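Trainee: Could you slot chain B onto chain A? The hints should help.
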Amino acid sequence: MSLFKERQYLRVHVDREPDDSLWMKCKSCGELVFKRRVRENSNVCPSCGEYFFQTSQERIESILDPGTYEPLGERLVTDDPLSFVDSRPYRERVAETQAKTGLDDAILIGRGAIEGIPIVIGVMDFRFIGGSMGSVVGEQISRAIEAAIADRRAFILISSSGGARIQEGMFSLLQMAKTVTVRRRLAEAGLPFVSVMTYPTSGGVQASIASLGDILIAEKGAMIGFAGRRVIEQTIAEELPAHFQTESFALERGQIDRVVRREDLRSELALALGFFVGAR
Amino acid sequence: MTDERTLDLLESKIEELRQLNAIDGMDLSKEIARLEEKLAVLRQDLYSNLTDWERVRIARHPKRPYALDYIASVFSDFYELRGDRIVGDDRALVAGLARLDGRPVALLGQQKGRTTEENKERFFGMTRPQGYRKAKRLMELAERFGFPLVSLIDTSGAYPGVESEELNIGGAIAENLQTMAGLRVPTVAVIIGEGGSGGALAIGLADRVLMLEDAIYSVITPEGAAAILWKDKERAREAATALQMTAPHLQNLGLIDGVIPEPLGGAHKNPAVTSAALKEALVRHVNELSAIPLDQLLAARYQRYRNVGRYTIRPATESQGALP
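Read top to bottom, the protein sequences are chains A and B. Here the first sequence is numbered in the working numbering, starting from 8 and rising by one per residue. Here the second sequence is numbered in the working numbering, starting from 419 and rising by one per residue.
Any given hint could turn out to be false.
To be verified - EDC-like cross-link-like pairs, simulated, lysine to aspartate or glutamate; straight-line CA separation at most 16 Å:
hint, chain 1, residue 1, chain 2, residue 2
1, B, K651, A, D93
2, B, K649, A, D93
3, B, K697, B, D495
4, A, K227, A, D271
What the hints assert, rightly or not - Covered by chain A, according to a simulated footprint, are these stretches of chain B (three or more residues, beta-carbon under 8 Å):
hint, stretch
5, 571 to 579
6, 616 to 627
7, 638 to 648
8, 663 to 671
9, 704 to 718
Claimed, not checked - Okay, the calculated beta carbon distance ranges per label pair:
hint, chain 1, residue 1, chain 2, residue 2, range
10, B, G564, A, A286, 25 to 35 Å
11, A, E240, B, R562, 48 to 58 Å
12, A, R95, B, R423, 33 to 43 Å
13, B, R562, A, D221, 22 to 32 Å
14, A, V284, B, R532, 56 to 66 Å
15, A, R236, B, E454, 51 to 61 Å
16, A, D221, B, D463, 54 to 64 Å
17, B, N688, A, G109, 34 to 44 Å
18, B, E641, A, A106, 44 to 54 Å
19, B, V691, A, A106, 53 to 63 Å
20, B, L438, A, R236, 56 to 66 Å
21, A, D271, B, W471, 49 to 59 Å
Hint data in this document are derived by calculation from the structure and do not stem from the laboratory. The structure presented is a predicted model; accordingly, all values stated were derived computationally and were not measured. Even glycine gets a Cβ: it sits at the ideal position worked out from N, Cα and C.
Looking at chain A on its own, in the form it has when it is part of the complex (with noise of 0.2 Å):
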């Protein structure tokens, strides 16, 4: 493994089909790994520690106290409000991902528990056209919070986000200030917002929600940054320094509190919403 590896997510599913093979070949350090023991490593190599790709369904498995979970409210999907049609028409790329991921848009909400704390949750999943912010995720992410002022519970947001959803046009970039001015209800309520960065969380979603939490919590090989490098580097035509919006380059940048280990942050949630107990 080269010393400046670039860290990033491989992109391999951890598929959970009973008849699949029990064995799968670690990209990153290409053991042989037993599947099993993936899944319940938070979908980390027992071998290298490299990082898995993470479903919604898979990070809330992990993160929540076993049958906790319980999906909020309606089930919504979008209106393709600009009939947006690219080298495909967005309603069949929609539908195509929609049976795909067994999803209907790229976030799951839900009432929960950590170590007996109760909280709401959304889960964005980057499988879903990126995991990018139309209509039905930033609608989401307001009836989580909505429902976390009711019941006086903390919100958690796990972001994985290439940012606005481009075929929604202005309705996507509004969603923003949607979830901002919804954000400022839960702290006028006195709740806290713990907002966890996973890889990646850039554009639209780094430059709202994702970047107002009481407490911003970067998972070890997140990338946060607004403008992806390829971007930076065609419009601007600057070098690149090694580390370029990782976790740790956030963080010695100030940008963010903490760095957790994926396999860490169930109790880290636990540890950091124990002080709002009771608070207020």
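Mentor: For chain B alone, kept in the frame of chain A given last:
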């Protein structure tokens, strides 16, 4: 099909004839009148049926009036306030106090440069974290003293650079959004040229959002969308249409509160007329907003942004992404 060059050519021909007319005492007035009539028809023809891409070109026209032009023509006593108090002063975003029809307002304007030298100073109108933090300072100042806040938006986007990321440009934009969402004074934002994504929204979360007729406002540049979705930068025209980024489109979608008319061919064809229209709109909206009790103003702002988005409720059968 007529294009802008044909019009320019015709205009210069008419000007030549006028000079001849003056010098030689020849009577060319009939000729001139005929050509002027022709020019008017062509101009109407060309500019009244603008495609979305043509509007993008007008919004980016190098002769288009910029924020400081409007600040000089629409406002009086502009008193610039500089610096973010931490890192520096971003010349791509000017800020200060000014009077609008005699009333003191806090003013933010994104400023492009016209010359190479100016563009170097103004970073081609792309705002950096220093600029957003200066803007936030002005927002808070406006709130302390009850000044309405007016934003003139004109940027292709926030500045994408190493320093921007080091200074947490995303965090700075987020902070501004949060500040504007709760700002206890009336706020009006006008997109005067380009409304480039989060870089524009960062000073645009307002009670009233207006656009000049040939301005654009988009989640991404047409070129950026073409590169990502069509994998071909050359298809920016298609992207511009698909994104519905022009003022008429955004008004139809219910996302903006008003379109301020521009002269045929764009604001640069007659800056004075454009300034007058902009001033009329600003004065009217600031007056209207100032008459609304603060709690109602904030409640209306909340509803406006809380409810933005288009989705459908899916009949509940089973929950999505059910855990196995």
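Trainee: Each hint needs a verdict: does it hold in this structure or not?
Mentor: Do the hints match the structure? See the list:
no., hint, in the structure
1, B/K651 x A/D93, "holds (13 Å)"
2, B/K649 x A/D93, "holds (10 Å)"
3, B/K697 x B/D495, "holds (15 Å)"
4, A/K227 x A/D271, "holds (10 Å)"
5, 571 to 579, "holds (count 3)"
6, 616 to 627, "holds (count 4)"
7, 638 to 648, "holds (count 6)"
8, 663 to 671, "holds (count 3)"
9, 704 to 718, "violated (count 0)"
10, B/G564 x A/A286: 25 to 35 Å, "holds (33 Å)"
11, A/E240 x B/R562: 48 to 58 Å, "violated (41 Å)"
12, A/R95 x B/R423: 33 to 43 Å, "holds (37 Å)"
13, B/R562 x A/D221: 22 to 32 Å, "holds (25 Å)"
14, A/V284 x B/R532: 56 to 66 Å, "holds (58 Å)"
15, A/R236 x B/E454: 51 to 61 Å, "holds (54 Å)"
16, A/D221 x B/D463: 54 to 64 Å, "holds (58 Å)"
17, B/N688 x A/G109: 34 to 44 Å, "violated (57 Å)"
18, B/E641 x A/A106: 44 to 54 Å, "violated (32 Å)"
19, B/V691 x A/A106: 53 to 63 Å, "holds (54 Å)"
20, B/L438 x A/R236: 56 to 66 Å, "holds (60 Å)"
21, A/D271 x B/W471: 49 to 59 Å, "holds (51 Å)"
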